[in-house]
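There are 4 protein chains.
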Amino acid sequence: MRKAGRHFLQIPGPSSVPDRILSAISRQTIDHRGPEFAKVGLRALEGMKGIFNTQSHVFIYPSSGTGAWEAALVNSLSPGDRVLMFETGHFATLWKKLAEKLGLKAEFIEGDWRGGADPDQIEARLAEDTAHEIKAVCVVHNETSTGSVSPVAAVRQAIDNAGHPALFMVDTISGLASLEYQHDAWGVDVTVSGSQKGLMLPPGLSFNAVSEKAMVANRTAGLQRSYWDWAEMVGPNRTGYFPYTPGTNLLYGLNEAIDMLHEEGLENVFARHARHGAAARKAVRTWGLDVLCAAQGQESGVLTAVVMPEGHSADAFRASTLENFDISLGNGLSKVADKVFRIGHLGDFNDLMLIGTLAGVEMGLKKANVPHREGGVQAAMAMLA
Amino acid sequence: MRKAGRHFLQIPGPSSVPDRILSAISRQTIDHRGPEFAKVGLRALEGMKGIFNTQSHVFIYPSSGTGAWEAALVNSLSPGDRVLMFETGHFATLWKKLAEKLGLKAEFIEGDWRGGADPDQIEARLAEDTAHEIKAVCVVHNETSTGSVSPVAAVRQAIDNAGHPALFMVDTISGLASLEYQHDAWGVDVTVSGSQKGLMLPPGLSFNAVSEKAMVANRTAGLQRSYWDWAEMVGPNRTGYFPYTPGTNLLYGLNEAIDMLHEEGLENVFARHARHGAAARKAVRTWGLDVLCAAQGQESGVLTAVVMPEGHSADAFRASTLENFDISLGNGLSKVADKVFRIGHLGDFNDLMLIGTLAGVEMGLKKANVPHREGGVQAAMAMLA
Amino acid sequence: MRKAGRHFLQIPGPSSVPDRILSAISRQTIDHRGPEFAKVGLRALEGMKGIFNTQSHVFIYPSSGTGAWEAALVNSLSPGDRVLMFETGHFATLWKKLAEKLGLKAEFIEGDWRGGADPDQIEARLAEDTAHEIKAVCVVHNETSTGSVSPVAAVRQAIDNAGHPALFMVDTISGLASLEYQHDAWGVDVTVSGSQKGLMLPPGLSFNAVSEKAMVANRTAGLQRSYWDWAEMVGPNRTGYFPYTPGTNLLYGLNEAIDMLHEEGLENVFARHARHGAAARKAVRTWGLDVLCAAQGQESGVLTAVVMPEGHSADAFRASTLENFDISLGNGLSKVADKVFRIGHLGDFNDLMLIGTLAGVEMGLKKANVPHREGGVQAAMAMLA
Amino acid sequence: MRKAGRHFLQIPGPSSVPDRILSAISRQTIDHRGPEFAKVGLRALEGMKGIFNTQSHVFIYPSSGTGAWEAALVNSLSPGDRVLMFETGHFATLWKKLAEKLGLKAEFIEGDWRGGADPDQIEARLAEDTAHEIKAVCVVHNETSTGSVSPVAAVRQAIDNAGHPALFMVDTISGLASLEYQHDAWGVDVTVSGSQKGLMLPPGLSFNAVSEKAMVANRTAGLQRSYWDWAEMVGPNRTGYFPYTPGTNLLYGLNEAIDMLHEEGLENVFARHARHGAAARKAVRTWGLDVLCAAQGQESGVLTAVVMPEGHSADAFRASTLENFDISLGNGLSKVADKVFRIGHLGDFNDLMLIGTLAGVEMGLKKANVPHREGGVQAAMAMLA
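Residue numbers (the working numbering), protein chains in the order written: chain D, 1 to 385; chain A, 1 to 385; chain X, 1 to 385; chain Z, 1 to 385.
In short, the hints are calculated from the structure, not lab data. Every value quoted in this text rests on a predicted model; they were computed, and no experiment measured them. We treat Cβ as the ideally placed atom computed from N, Cα and C, and that holds for glycine. Wrong hints could be hidden among the right ones.
What the hints assert, rightly or not - Keeping only pairs whose Cα atoms sit at most 25 Å apart, straight-line, the calculated PhoX-like set for lysine-lysine is:
{"hint": "1", "chain 1": "Z", "residue 1": "Lys3", "chain 2": "D", "residue 2": "Lys39"}
{"hint": "2", "chain 1": "X", "residue 1": "Lys282", "chain 2": "Z", "residue 2": "Lys105"}
{"hint": "3", "chain 1": "A", "residue 1": "Lys3", "chain 2": "A", "residue 2": "Lys367"}
What the hints assert, rightly or not - Some, not all, of what chain A presents toward chain D, calculated at C-beta under 7 Å:
{"hint": "4", "residue": "Phe37"}
{"hint": "5", "residue": "Arg43"}
{"hint": "6", "residue": "Glu46"}
{"hint": "7", "residue": "Met215"}
{"hint": "8", "residue": "Met363"}
{"hint": "9", "residue": "Lys366"}
{"hint": "10", "residue": "Met381"}
{"hint": "11", "residue": "Met383"}
Between the sequences and the hints, there should be enough to build the whole structure, so can you do that?
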């Protein structure tokens, strides 16, 4: 049976793709070696520098975000290199596993999944590493599994305080274009991102923003690579081309997305996400439920992870709510599987969509007989109006 | 500055066009005299019989609904003919003016714009008309300006009770495919409808469903006509063609719409609209505001017209709400201009979109300092969940 | 079984709709009474003045071109008025029938369907009409059934030479935006056009361009009208609105079309059509077939009608060619039914599409065993290159 | 200045994307972990088995075809493994370089770029390799740089004749869904393909079809891998999911493409490409130019590479032809750069598009003053009709 009306896609990415972008990606494919393509390519490459706030390099891959994680590591490190990572949640853990799979020695600073990376712990560990065995520090900016934000600039400061030469790598797959991000000013060496979150595109493009220091490291980095190799990209990218067939139609969409972000104003985009995060948390707390992120000031404007009351299955709740109110909520991952659900409020989103979303959760809680207090939607409205 | 997220188009038509239909209407145009077109045409003509619940004729015009009003009259009446109409609201009044403009004697049974047509008054007037000067009785099924529904079957009964031979014409431009409609079973001679309401299409197609009795009247009807002439349509329509170039791309969309309505189930579509109307009225009354429709049982599932508190401009409220929450509400028309605003909850719509809509109104009332009680959204949620 | 590749839609309208326009018409419908719509409406109304080359009024109807024919007559004439028309072909004949159906006295200057309207005959007839009983002279600019072009400016001169006050009406449904057209400079009072030809849109919009003289005639014109009434349009149009729900999505496409025409340059658009017409005729003559238009200098750049060799069915040829080469050609209409086929080369079209089209005809002639000489395509190429 | 009409994208991929597929990829993105996605994923995975003609595994990557080359090698081989490759042209050479970059010992059987891989030479080389140092034989099925087709079944026979246990890998990036392909029947272990050729999609998806033997090799293969790892895919794929965010919107298009191929019939698709290849070669030879592929029976139905007359720049010709006739032709690559141009006639293509394409080349040769005989288009038409 057909369900009427728009599905509410409220997972923390992919976010709903606006019509302008869907329309852009459905333009006819063109010759990726012809003169018209060069304009498309240059516009995307230059445009993404503005989004990352960098003057150095941006590389665009036809791949998922996972590919850009791999690209960051294989381009700048060698087999056996030690990397320091921080356990902010499921995605930090996946990145660590990926590093290990590539033959790196990945060291984890353990976390409780309820906040961002801790600069102090990072600084302390780096200070110990007088031999500079650690070649990279890797941090997740917006931890999509928990809704916590790491203080990236403070981590940079921590590295500097320790006087440590490690490369600094940041995953902002789900943060970019929703939360402020400053690749250059924050001294990040490699930033990893993807298309299907704040950039409002379907999945299929991923990004590395790369400092000059990382480009130098690339020359001697010993990990095996080909598809992801920055060195192969630099030349063709200069004139707007790519070393192999690029994801032309998603690049059309990317250029449209960049325009849309500037039409709204990046500052406004960030303020909107912050405001929606605050209203979502207000609703959650009114329901008497816990927000997973317990670190004040590190709550994400991209998503809100909600702790399910003891004895209730988050996945059963999500399934029932999908069935009854046609809204997709994010699931809890690994450690918090079935214990947490996640409300995405990112991308092309506004106040009334947020209220519809929170209403879906509140009515869903009722329908699924999950103990809660009513009034969360009303409280969010009070905050928004 | 770009506004993020989806606009809420909550006027009582055009309703939001679902992606499937937008995609259908963007298919390449084909030869309207070729063999492939015949399939498109037949599918639309037959499909619309199912929507009107008729075995007789359906005619499809490339025009606005206004054109189908005109078509109903010019095809079946002669200059100077008397028609009995009922003042349910602005659209009934417009139809009357159109009749007068065409040289008909249009007689109005006055109404207060707060309910549907009254079968008793119609019966009484017809009973007086022993000379059968009245050639047609015209009633608006769903009065888009007020949110009231006329009891069409009861009006048929009234005509029969009076033993009167007048043609029975019904405008269900905004009712079709949202409210139950039975062209044959209710004994309607000419039904008028349009594409941009329950059919979920953009504006640009209009319809006449026509009984055999009306087809007979057509042979002697003296009003000037050409574009609207049923007689020219009948032949080509038999094989799926039209006497002049049809609105091919909207017909693609119409066929998609008919499929979608059946995928949901027409009964479910009607129940959904009724449920959303009830929830909307619950919210309005919780706010302490008046629903314009005062006739119990005649409130529309398509839209809810809300009376603005004395001393407050409905149009100023709508403008402020559009600006602040990116939602379009319907304006009050003629007699109730600036005194009423209308909330559309028709077409491709669901619970969470309704809550978003009602939240837009409630937050808009607050922002515009319109006196009201909070809690309308919460009350609507309680009803829906 | 699916046919691979693009269908060649080479009827003389609807022409192939370019992707940019299909994309534009699939944008979400908006509130036709809201502030955003005003921009859409004004842009379309003003933009069409530039296409018609007029400073006076342009009216846009949600209807087929047939509706705009009717609009021209009912807005400016009274029952029993005499109109002088010229038999250029099938569409001139249909317009005459429409006039008669509306109660006008339509007088035809007979033609042989092989050329445009003859100014001399028109002047002679008008000179005889010393009582000025003729209220309008109606001429088809580009006769879609024959591929002949009437000398509109010369007809104006003929009217002036006769010192006759009749209104001058021109149908350029299939000429506009393919052939030069000057509503003001050529002294036309009412120009009729449609969306699905040179404007590259799907069918569903039609146009009247109207001189001040015709607007004055409108005030006293006695023919019954409502949907088509210019007087109702003037007010709302001033601010970009319409008296009833407009064809919003086609208006999106219209604005895109106007942009595209200016991006190419109207002069270039006209030159392209002329060049393609010449190449098409070259091919036809190389095949040893006759071009229906026998009046030198009046051959259309929009389409080429080809006379079938005696004893061969044009419709059988068209059906076979459609089947074998997936190309739709136009049929012969009424007098020339089955004797003529028509090759459309209008709208969004280029050299290689023309060669593909002519190849479809040439290979189709061979497949259908229609006697002809080979080499038409090669001759057209020689002319184009 | 805007160019009117459709661009002719006649490079050997990306091929023109049909409207149905563009429409499919512009559907709203959904939750890649939700129940609706499972249907999309399973349909794609199962559907591609039918296209590869395999009962074993198909893996789908969000990446360019280049990624699938890498995937084939890293999943089944270990550092230092020897692979035997055949120099059919530029793409065979690129694959070899990739193998070397990954730390494999790639051995090339040299070729003259004018035919497919030679089974005899392969058999001879394998027969010498009594120690079975060669771990894989890699052949390009349709060499996109030359328009030659390798006899894949015969290469399998050669390996068997030599009694050699090497894995057999085939790149049919540009052959799949245009030329017959039998992964199982031809005994291929790993087949590599991509989306933007015969599958008619935009670039962005790539494929591995994998035999059980290769799956076994995967368990011990020592090359570093993560994104490309088959082992991670197998589990999630079973229920239609993927280990990381898949290219949802391109998967929509893939499912549409598979439907379209079956609607036409794969046998018909292959016959169409063969017929168009023959007609293209007929034109080239009529012009008095050389087809690059000199091996009779190995000419491709996907593209025709044409040798430029001595002293004329193929790239200058292509640029002039693009400018004058809005057609993109493929360039000569590496060894044959500027000496060869390539005409793509693959994907969603038909007779009239082919004639338009060949006319673009013929008129382009004239415009660019490249010596040639006229009549190529006419000769191709004679063959097609």
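Quick rundown of the hints versus the structure:
no. : hint                    : verdict
1   : Lys3(Z) <-> Lys39(D)    : holds (17 Å)
2   : Lys282(X) <-> Lys105(Z) : violated (62 Å)
3   : Lys3(A) <-> Lys367(A)   : holds (18 Å)
4   : Phe37                   : violated (24 Å)
5   : Arg43                   : violated (18 Å)
6   : Glu46                   : violated (20 Å)
7   : Met215                  : violated (35 Å)
8   : Met363                  : holds (4 Å)
9   : Lys366                  : holds (5 Å)
10  : Met381                  : holds (6 Å)
11  : Met383                  : violated (10 Å)
Of the hints listed earlier, those the structure fails to meet are numbers 2, 4, 5, 6, 7 and 11, in rising order.
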